[in-house]
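Which chain is which? The protein sequence lines are A and B, in order.
Numbering-wise (our numbering), the first sequence opens with residue 1 and increments by one.
Numbering-wise (our numbering), the second sequence opens with residue 1 and increments by one.
Every clue listed holds true.
Note that the list lumps identical chains together, so a pair holds whenever it fits in one copy or between two copies.
Only pairs whose alpha carbons sit at most 25 Å apart, straight line, appear in this in silico SDA-like list of lysine to any residue:
{"no.": "1", "residue 1": "223", "residue 2": "191"}
{"no.": "2", "residue 1": "398", "residue 2": "322"}
{"no.": "3", "residue 1": "398", "residue 2": "320"}
{"no.": "4", "residue 1": "162", "residue 2": "174"}
Derived from the structure by calculation, the hints contain no laboratory data.
2 protein chains.
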Amino acid sequence: MSPEEFRRAGHEVVDWIADYLAGVGEYPVLPRVQPGEIASRLPAHAPECGEPMERILDDFRQIVVPGMTHWNHPRFFAYFGITGSGPGILGEMLSAALNVNGMLWRTSPSATELEQVALGWLREWIGLPADFFGIIYDTASVSTLHAIAAARERADPSARRKGATPGLTLYTSEQSHSSVEKGAIALGIGQDYVRHVPVNERFEMRVDALQELVEADVAAGRKPFCVVATAGTTSTTSVDPIPEIADIAEKYGMWLHVDAAYGGPAAIAPEFRDTLRGAERADSLVTNPHKWMLTPVDVSAFYTRHPQILRRAFSLVAEYLETPDQAVNLMDYGVQLGRRFRALKLWFVMRYFGRERIAAIIREHCEFARRLAASLEQDGRFEICAPVRFSVVCFRLKGSEERNRALLDAINASGLAFLSHTVLNGVYVLRMAIGNARTTWQDIEKVRDFIFAWADAQ
Amino acid sequence: MSPEEFRRAGHEVVDWIADYLAGVGEYPVLPRVQPGEIASRLPAHAPECGEPMERILDDFRQIVVPGMTHWNHPRFFAYFGITGSGPGILGEMLSAALNVNGMLWRTSPSATELEQVALGWLREWIGLPADFFGIIYDTASVSTLHAIAAARERADPSARRKGATPGLTLYTSEQSHSSVEKGAIALGIGQDYVRHVPVNERFEMRVDALQELVEADVAAGRKPFCVVATAGTTSTTSVDPIPEIADIAEKYGMWLHVDAAYGGPAAIAPEFRDTLRGAERADSLVTNPHKWMLTPVDVSAFYTRHPQILRRAFSLVAEYLETPDQAVNLMDYGVQLGRRFRALKLWFVMRYFGRERIAAIIREHCEFARRLAASLEQDGRFEICAPVRFSVVCFRLKGSEERNRALLDAINASGLAFLSHTVLNGVYVLRMAIGNARTTWQDIEKVRDFIFAWADAQ
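With the sequences and hints as input, model every part of the structure.
Below, the structure written as structure tokens:
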């Protein structure tokens, strides 16, 4: 494709994106398609000869877009709401154009150094000390896998050569993200050595239970090596008591990893600074700018106070990757050799919005959540099933699970909004997760009024 | 950022990209910066209040771009040359704008189904049978990690619960990519259980040596569980004898994974179809469209004939991710929960260029490599250090390592081109890897003439 052809098609695509972002609220949030329907509309075989870009973009608009779930929609309230902001999209456009692999400093000095700078900025915003080294991975799942691998490297340096030693035991709460257990499975730790520590009535890890489990494992000859605390759990956004967990981690020589994938950015706002209280004592921490920080997927920020241990766990430099440079080569700190230039979009977003504006958006989302919860509670037919710590409201209609399932199906089938569910203490619960910068209070009222009307009609 | 502000800035960025792609050959390939120089030019702290996009784009042009290594440059010949083609960039722009997480079918039906369709197309192009299930990961390192994890799941289904069992042993050639060993380290297999099988004079795995190593391990009570063959090794692009390796894999019940990250796309051209001869008997295979298939990083295509084993190794569905849909949820097949919409750019590229054009580009690169090798050989002062199977030429000036290091430094310091090196049979060797679609024969002549002139001046 010639630069001039790219220029023409590029302008067309930018116009489509601008129109899409302006009108995304008009789409049904969930598409009205059945499994297999999109695939059946696409040619089964690739073309032998090339096709004009115009025809490809037509198919994008007419076949692909109608099968999209609109994560940009102001009434996307499932899982965690996210925002692909304009500056983030511009950053991705330039990253795609530059198309570097930042595996070595030499293969893209700017990508390596901008990553360090942008993660230094973010570290200051969330209040971590300067001795935390930052690196970008693709997802929190991969960040947490690296944390557990570094923990293993510290606890059992022979694992790198001799393989995993059975008995290394990991602790995380019942409410932690599935990626913790998945990481332990992948690394060869094994599910039998993952302890799901019970939580209190606020869904926070019970430190007394942690202590008991650790003691029991030590007594049985197992080796506690890692504890993963969560700042903003997926179901309820509860925050584990990090300082008390840090005490136990220190006492037993365990690596403390803090999963702040969702909750970390809240600490940018001074009134939520306590979200990461105690995290300065953690060995590692992950937070995802692609969740609540307006940056398009994927970008996960990983910090550790022990980069040399992380490096020891993963460095393996083939001759063809040796360079004469005295510089950090980020490929040494992870499983992945290939590294997109992900820092650029994050740097664009942090500069364009600044700390105050990002804090204001987070603050507003939390305020919306509190108002929604109050409004549901006041109605009398609903119960709020978990404390509203940040921007997620867990609620249910008093009554049967079937009724709540029917309510969720009705919301999602309406096209008006997309919510998801969870189960708390064995009870089926709806989640309304506010996290898109385009969401207004009117969007939330629309959903609330739909819920009230549905309940009225029962 | 309002849609109208995005539109204005987006048009400006598209124009910059078009100009950049038109003029990328004018830049020095490697930037003239020292470690720390770019970081020192950037503000040490993030702004409290937002900044105008214009100022951010100015800093991008004036600070970031001068520190870039230009992977788009027609004379980028290091590692493996790659191409971020126009249609691929357009696809990335739209993916960034849609900003979906395709973890579940429901969270983006089009992303899930387009991924299956595009990987089906690619599977046909490279001649794999229809029983290979395809999934996109970010990098070949992660694809290979998943292959080894699936191999472990088949050989030792208890590993998921009880952790890795010492003794599972993996085989790969001395010339295989470092990601194979890194994957084994991460998974808790351990380096002591990775056998680096010797190669023949063509740098291909010696099947007799493989057989001997396997026998010795069996005799010692270890359990051979996986063999990784390479179609296109990183140093020399050699291709292991896959059919013979498949015989041994079957005999001993080992999982056969084929690393065709670089070499796979060659099979799109009929005359290189034999690159993947025998791969239809593999249990899994990886090939990277972001290398030789004109698609921007990152997109790695992973295929397996045993998706149910891969799923068993990784599926872990938290309640909050349960959905009522009867559909493939791609998050079940990997470590990563978050999944960018990577298939879109691949689908754009395959449609825009078609099979014939992509095959023609690959064919031309291989032809360039053969002509370059012939020309160097004819000169008399150089030796070609490995067979030129595809588009990479390994060569050296007859004489000392110091002389060859000095030559490489001179090329890379000139700004004219970027080459890298490797070591073959203990000898330091330069690599010229052709893989950018903008590269012409004149670009290669320029580098060759620089090399001749440098040798003349010695």
